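Work out the full structure, taking the sequences as your base and the hints as a guide.
These are the residues of each chain, in order.
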Amino acid sequence: MTDADEVRTRTRELLAAHPPATTGRLEFLRARFDAGLAWVHYPEGLGGLGAPRSLQGVVDAELEAAGAPGNDPRRIGIGLGMAAPTILRYGTEEQKRRYLRPLWTGEEVWCQLFSEPGAGSDLAALGTRAVREGDSWVVDGQKVWTSSAHVARWAILIARTDPNAPKHAGITYFVCDMTDPGVEVRPLRQITGEAEFNEVFLTGVRIPDSRRLGEVGDGWRVAQTTLMNERVSIGGMALPREGGMIGPVARTWRERPGLRTHDLHQRLLTLWVESEVSRLTAERLRQQLAAGQPGYEGSGMKLAFARLNQEISGLEVELGGEEGLLYDDWTMRRPELVDFTGRDAGYRYLRSKGNSIEGGTSEVLLNIVAERVLGLPAEPRTDKDVAWKDLAR
Amino acid sequence: MSTQPDLLYSEEEEALRAAVRDLLTDHCAPAGVITRAESDAPHDLALWKSLAEAMGLAGLLVPEAQGGQGASHREAAVVLEELGRAVAPVPYLTSAVVATEALLACGDEELLARLASGRAIGALAVGLHTAPGAAHATARVENGVLHGELTGIADAAAADVLLVPADDGGLYAVAADAVTVTPQVSLDLTRPLAAVTLDGAPGRRVGDAGPAVRRALRAAAGLLASEQLGVSDWALTETVRYLKERKQFNRPVGGFQALKHRLAQLWLEVVSLRAAARAAADALATGEDTDVSVAVAQAYAAPVAVHATEEAVQLHGGIGMTWEHPAHLYLKRAKADSIAYGTAGAHRSALAALVDLQAP
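Going line by line, the protein sequences match chains A and B. Those letters in the first sequence? Residues 1 to 393, by the numbering used here. Those letters in the second sequence? Residues 1001 to 1360, by the numbering used here.
The set of hints was computed from the structure by calculation and includes no laboratory data. Values in this document were obtained by computation on a predicted structure and should not be read as measured data. Using N, Cα and C, we set each Cβ at its ideal position, and we do this for glycine too. Worth double-checking, as some hints may not be accurate.
If we take Cβ atoms under 7 Å as the criterion, some of the chain A residues that face chain B in the derived model are [as the list claims (entries may be wrong)]:
#	residue
1	262
2	276
3	362
4	364
5	369
6	372
7	376
Looking from chain B toward chain A, a few residues come up when the C-beta cut is under 10 Å (computed) [said to hold, decoys possible]:
#	residue
8	1008
9	1040
10	1041
11	1045
12	1262
13	1300
14	1335
15	1338
Written out as structure tokens, the structure is:
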């Protein structure tokens, strides 16, 4: 049993043994991991204490008050949010010990090799092949929409190991070494002008069988853990009013009365109301989860925020009038983070077009809501019992 | 905005919901509501008696010391959700919320206790379309008695007491048998309007009309969102149920993606309305951030309820267009609710001032 007092005591002991003022950032983060204070709900020895997740707040508050360095979770979001829960659930003891510590400290960045040019919404149709050769697998194929691939040390990868099985059954999940000579990363330039994402070409990449996660052919089930965690991460934080995309527009409206028109006023007020209601809906979901009640709203929040971000930023471009005809910078760059607030309205407008595509298109999410929440019948499927190699493509 | 509003339902609130729903399931079936709507007695006074007197729900907003239940807007909102789900023809919103709030503002203990006990039904004689803070008609005071005609008064036909704002700034309690109440043919069959004609009617001044009417209409607008939530939830649930059952082209119609996406979209709107309605009810109960929460809820709720009931009619196909199917009762309620206590546009205009997003 671990309670808040014990967690607080342990945190203070960590701070006493490694004062942030005189300890290097990495040294502190490693010590924090070893003290079980990285993610308290993880098991002992793997950065946690096997404590309730809710106690993490106690640790974070103590460390923040002491000015301790953090692990910059936005930079290593894929590792923390997707790779780590999957490794924890399906990894061997050896894999957990090897990967989780440098993942959490940020020493090793992770990326995700899932989507392919021919497998987007229908991810299970993926065609990247992994062929067994002795103790290794040889991987050939192409992945796409890979953020952080150019800085990543490791990737979570799903590949086809049995083309004769139906598509969901012939997939296996691996950890791929991004420094392998067969891995080629090319920037993928977006409509914003920059390249947040990459294409990754895999040519004869050798992956030892010891880097397989889960059983051969069980990769689709393993991937569900990864994808579930991708969607859970949305809607977890309590936002203040005007905390989202509506904030910058509302400020511009207040500061520059010359830009106002009656048409824009009506649309702005409608979007302001919808933003506030979506904020309350996310807050209600948070309260439900905290109270241990099942909340289905999560499936809907991404839908709502995608549409709102797009409509609000579209209005913001129009509000600019003459300025709306300009764009801040088309230079091809490689940003490490997506920052909606650091740039102009035009950037927000273009980048938010991706919000209804990335992490599940809005059309797929509507199917999920209709089938899993409302219990409506699934589309008739023609691909369930057919060998992957015989599918139309 | 210091803290986040409590947007959940407590165990007590869920128990209250279950009790009201049981009563309505047994005594407020759609076929009966349709028949009653066209009769000479459109209000279900037997159902009102059960809700107000037996269950004590008319006094939720009234402190125990004044003969009420000492509950809050959160509980009244739960009752309204269920009444909306059944389009129940009872004067709950008009008497137990609007007239009651007006009397709470005036501090009239005797009348308050009568309304709280459910023995008397009250109606505020202000047109149903009036937004909080908007101008409204008043009666004339001449030689100590009241004259004039006030139209669009919801549930006036069921009222024992009318609360009449007058041109001297007073709010007067007037016995229903001292005025002429003429039913108006109303879009919403389950919340009928009437014209109230005062021809030298005696009234007792209970307080100042300004603050009383304003307070009453604000509570009405905020809690109407919960009624609209109930209406929307019925429309969604019933349409989903029907589309799983209805078969065309050798398939359940609900399996077609064009319809699934519409229903999923509607689900998202209803889920969002639940958060907005809870926020408004909680804000009315705590007194924190009330004006903004009410305006947000009412600006959001009306389009959702109208959309939900319009989808119910359309997706039911031919049967949805019949008098026999109850979908039209919900459509009419939703459309009337979109005007009641201020349109969405009126509440957006209120927000423009409240959150400093001023017009050009």
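Cross-check of the supplied hints:
| no. | hint | in the structure |
| --- | --- | --- |
| 1 | 262 | 6 Å, holds |
| 2 | 276 | 5 Å, holds |
| 3 | 362 | 9 Å, violated |
| 4 | 364 | 11 Å, violated |
| 5 | 369 | 4 Å, holds |
| 6 | 372 | 10 Å, violated |
| 7 | 376 | 4 Å, holds |
| 8 | 1008 | 5 Å, holds |
| 9 | 1040 | 41 Å, violated |
| 10 | 1041 | 38 Å, violated |
| 11 | 1045 | 36 Å, violated |
| 12 | 1262 | 9 Å, holds |
| 13 | 1300 | 5 Å, holds |
| 14 | 1335 | 19 Å, violated |
| 15 | 1338 | 14 Å, violated |
Of the numbered hints given earlier, the model fails hints 3, 4, 6, 9, 10, 11, 14 and 15; all others are met.
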